[in-house]
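Chemist: For reference, the chains in residue letters:
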Amino acid sequence: MSTTAIETKVALDQVLNSGVEARKLSSVEVTDYDNRQTVGKITVDHPKMVCRGVNVYYGEKHAIKNVGLDIGANEVIAFIGPSGCGKSTFIRCLNRMNDTIPICRITGQIKLDQDDIYDKSIDVVQLRARVGMVFQKPNPFPKSIYENVAYGPRIHGMVNTKAELDDLVRDSLERAGLIKEVEKRMNEPGTSLSGGQQQRLCIARAIAVNPEVILMDEPCSALDPIATAKIEELIDELRENYTIVIVTHSMQQAARVSQRTAYFHLGDLIEVGDTDQIFTNPKHKLTEDYITGRFG
Amino acid sequence: MAISQDAHTVKQFDIQLANLRNLVLEMGGLAEDQIKRAIAALDEEDMAAAREVIARDRLINGLQLKADEDCVSIIALRQPVGGDLRLIISLANTVADLERIGDGAKKIARMTIQIYDGVSSPPSAKLLRDVTPMAELATDMLHDSLDALARLDVEKALTIIHSDDELDQEFQSALRRLITYMMEDSRTIGHAINVVFIVKALERIGDHCKNIAEHIVYLVEGKNIQRRRNIDMNMDGSAQAALAE
Numbered sequence: 002m003s004t005t006a007i008e009t010k011v012a013l014d015q016v017l018n019s020g021v022e023a024r025k026l027s028s029v030e031v032t033d034y035d036n037r038q039t040v041g042k043i044t045v046d047h048p049k050m051v052c053r054g055v056n057v058y059y060g061e062k063h064a065i066k067n068v069g070l071d072i073g074a075n076e077v078i079a080f081i082g083p084s085g086c087g088k089s090t091f092i093r094c095l096n097r098m099n100d101t102i103p104i105c106r107i108t109g110q111i112k113l114d115q116d117d118i119y120d121k122s123i124d125v126v127q128l129r130a131r132v133g134m135v136f137q138k139p140n141p142f143p144k145s146i147y148e149n150v151a152y153g154p155r156i157h158g159m160v161n162t163k164a165e166l167d168d169l170v171r172d173s174l175e176r177a178g179l180i181k182e183v184e185k186r187m188n189e190p191g192t193s194l195s196g197g198q199q200q201r202l203c204i205a206r207a208i209a210v211n212p213e214v215i216l217m218d219e220p221c222s223a224l225d226p227i228a229t230a231k232i233e234e235l236i237d238e239l240r241e242n243y244t245i246v247i248v249t250h251s252m253q254q255a256a257r258v259s260q261r262t263a264y265f266h267l268g269d270l271i272e273v274g275d276t277d278q279i280f281t282n283p284k285h286k287l288t289e290d291y292i293t294g295r296f297g
Numbered sequence: 007m008a009i010s011q012d013a014h015t016v017k018q019f020d021i022q023l024a025n026l027r028n029l030v031l032e033m034g035g036l037a038e039d040q041i042k043r044a045i046a047a048l049d050e051e052d053m054a055a056a057r058e059v060i061a062r063d064r065l066i067n068g069l070q071l072k073a074d075e076d077c078v079s080i081i082a083l084r085q086p087v088g089g090d091l092r093l094i095i096s097l098a099n100t101v102a103d104l105e106r107i108g109d110g111a112k113k114i115a116r117m118t119i120q121i122y123d124g125v126s127s128p129p130s131a132k133l134l135r136d137v138t139p140m141a142e143l144a145t146d147m148l149h150d151s152l153d154a155l156a157r158l159d160v161e162k163a164l165t166i167i168h169s170d171d172e173l174d175q176e177f178q179s180a181l182r183r184l185i186t187y188m189m190e191d192s193r194t195i196g197h198a199i200n201v202v203f204i205v206k207a208l209e210r211i212g213d214h215c216k217n218i219a220e221h222i223v224y225l226v227e228g229k230n231i232q233r234r235r236n237i238d239m240n241m242d243g244s245a246q247a248a249l250a251e
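The listed protein sequences correspond, in order, to chains A and B.
Each residue of the first sequence is one higher than the last, beginning at 2 in the numbering used here.
Each residue of the second sequence is one higher than the last, beginning at 7 in the numbering used here.
Source of the hints: derived by calculation from the structure; they are not laboratory data.
There may be inaccurate statements among the hints.
Straight-line distance between alpha carbons at most 30 Å, and here's what the computed DSBU-like set of lysine-lysine pairs gives [said to hold, decoys possible]:
#1 42(A) <-> 229(B)
#2 231(A) <-> 144(A)
#3 66(A) <-> 144(A)
#4 181(A) <-> 163(A)
#5 17(B) <-> 72(B)
#6 62(A) <-> 286(A)
#7 284(A) <-> 162(B)
#8 206(B) <-> 17(B)
#9 163(A) <-> 144(A)
#10 284(A) <-> 132(B)
#11 229(B) <-> 17(B)
#12 286(A) <-> 162(B)
#13 138(A) <-> 231(A)
#14 121(A) <-> 62(A)
#15 42(A) <-> 284(A)
#16 42(B) <-> 162(B)
#17 62(A) <-> 138(A)
#18 132(B) <-> 286(A)
#19 286(A) <-> 229(B)
#20 206(B) <-> 284(A)
#21 42(B) <-> 132(B)
Reference excerpt, derived from the structure (chain B facing chain A, CB under 7 Å, subset only) [what the hints assert, rightly or not]:
#22 10
#23 12
#24 16
#25 20
#26 24
#27 87
#28 165
#29 168
#30 196
#31 198
Even for Gly, the Cβ is constructed at its ideal location relative to N, Cα and C.
Based on the sequences and whatever the hints tell you, model everything.
Modeler: In structure tokens form, the structure reads like this:
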């Protein structure tokens with residue numbers, strides 16, 4: 002390892018051991034994790050989540066290799082990369098969705114604010130309330146539109162009266178930009194909505210439990226351009242109050258909605274940087290080749 | 007990073023980019039030829055050749071139109087990013103500079119026709135003495151900038167930027183000499199003014215070559231050195247003070 006790499010490693014160890022926030026590392030431009038470099042600055046000034054040395058194994062398969070990355074508060078960060086590069090695996094680590102896969106093993110550290118989310122004391126249900134998720138295909142519960150949104154706050158005991166619940170449901174649907182379309186049909190099944198509306202219903206359901214981070218795994222891949230535009234506009238509005246991590250196969254979408262972009266390749270985090278820089282002047286050849294459509 | 011030389015998965019995209027690059031280089035070759043023809047017409051007092059230079063400017067304008075259309079089409083249909091985006095932007099800017107270089111050649115041809123209009127007596131050789139070395143420098147700069155563009159050669163592009171300082175100094179010297187002649191003998195004023203336009207056109211051609219060199223640096227390195235230099239100028243108190251005077 003080069004001197005800079007060793008200094009980086011020492012500095013990182015200090016951060017991990019002392020619990021000091023990663024912002025002190027902001028001068029580190031290139032990070033060497035056991036000789037595998039991520040190009041760009043993995044740290045941000047105000048991190049919401051701090052991931053260090055994250056490895057994910059599916060049985061023998063090493064799906065995520067020593068990834069370190071900060072997710073900044075109130076930023077939209079996009080994960081891009083070819084299929085099988087680990088971006089979905091990595092996003093699923095952020096609210097422990099991989100716990101449901103028996104052969105999946107995760108090492109390293111992921112912090113949400115100061116809490117290590119893989120610590121034994123963490124209640125996974127509470128964690129997933131703080132770190133919500135929206136999936137590729139809209140998956141409303143087979144219940145009414147109202148019940149879809151009311152379900153989370155009710156099981157988390159967030160409201161005491163019906164009036165409070167009504168307000169919360171309305172507020173969530175409003176934030177998800179859906180209220181005008183559904184206010185007169187709250188008791189109709191969620192599945193009666195169009196695909197784009199269903200996806201916004203799922204977003205309303207995710208924000209009803211007042212999360213801090215919203216994970217979106219290809220939220221628009223099943224939607225038409227109009228519904229996609231509405232979701233993208235919504236993402237931009239939600240950024241004021243939430244931190245958003247989005248996995249997308251559409252590079253134009255990553256460019257449009259995110260402030261930072263991370264490029265994954267075969268389980269490695271190859272490059273991370275401001276979206277503007279990644280799409281105009283990427284530093285790593287693999288990133289350049291991927292975004293410009295040179296797929297080898 | 008430097009621009010990727012690998013092929014795109016979509017072959018048609020590579021073909022479009024290659025065609026655009028060839029078009030721009032063809033336009034550059036034409037512009038270079040136009041300057042040489044304009045200077046030759048001036049040297050040989052050949053009015054027919056000067057008129058031909060003026061007529062041929064339309065060829066350059068036509069290529070500009072085609073290249074602009076191709077740039078717009080590639081942006082609309084391919085949504086280029088990274089090195090591809092920088093290539094399109096650099097080529098589009100280069101096309102604009104080449105068109106202006108073509109205008110410079112046309113300007114020299116126009117002045118040639120005015121100088122040798124058959125009414126006034128031809129100018130003395132000393133009035134025109136700065137034109138040939140300046141024209142050589144300008145054509146070399148254009149040739150080198152096209153070469154640097156074809157090879158994506160940043161080192162060469164940087165030398166062109168320095169050559170422009172030399173051409174600017176030549177222009178200042180030429181201007182001083184021409185002013186001196188005009189002050190010495192007011193009968194030279196008519197021709198001298200035409201020569202001023204010619205050396206000014208050559209000086210501007212140098213500026214456009216410098217611009218092309220800067221586009222090449224942006225294309226390869228992703229750095230906008232033009233903007234940086236302007237900012238440095240603004241930061242520099244002495245430069246500001248000089249402007250204020």
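Chemist: Using Cβ atoms only, decide whether residue 198(B) comes closer than 7 Å to chain A, and label the hint accordingly.
Modeler: violated (48 Å)
Chemist: Would the stated hint for residue 168(B) survive a check requiring a Cβ distance to chain A of less than 7 Å?
Modeler: violated (25 Å)
Chemist: Under the criterion that the straight-line Cα-Cα distance not exceed 30 Å, is the pair residue 138(A), residue 231(A) satisfied?
Modeler: Holds - the C-alpha atoms of residue 231(A) and residue 138(A) are around 16 Å apart, at most 30 Å.
Chemist: Against chain A, is residue 196(B) within 7 Å by beta-carbon distance?
Modeler: violated (52 Å)
Chemist: If you take the shortest Cβ to Cβ gap from residue 87(B) to chain A, is it below 7 Å?
Modeler: Constraint on residue 87(B) satisfied, holds at 5 Å.
Chemist: Residue 229(B) and residue 17(B): Cα distance at most 30 Å?
Modeler: Status holds; Cα separation ~28 Å.
Chemist: Would the hint linking residue 121(A) and residue 62(A) be met if the CA-CA limit is 30 Å?
Modeler: holds (25 Å)
Chemist: Would the hint on residue 10(B) stand, with a C-beta cut-off of 7 Å toward chain A?
Modeler: This interface hint holds because 5 Å falls under the 7 Å limit.
Chemist: Do the alpha carbons of residue 17(B) and residue 72(B) lie within 30 Å of each other, as the hint requires?
Modeler: Judged against 30 Å, a Cα distance of about 21 Å means the pair holds.
Chemist: Could you grab the alpha-carbon distance between residue 286(A) and residue 229(B) and see if it respects the 30 Å cut-off?
Modeler: holds (17 Å)
Chemist: Is residue 42(A) close enough to residue 284(A), meaning Cα to Cα at most 30 Å?
Modeler: Holds, because 12 Å separates the two Cα atoms, which is no more than 30 Å.
Chemist: For the restraint on residue 20(B), tell me whether the closest CB of chain A is nearer than 7 Å.
Modeler: violated (9 Å)
Checked against the numbered hints given earlier, the structure breaks hints 3, 8, 10, 18, 20, 25, 26, 28, 29, 30, 31 and satisfies all the rest.
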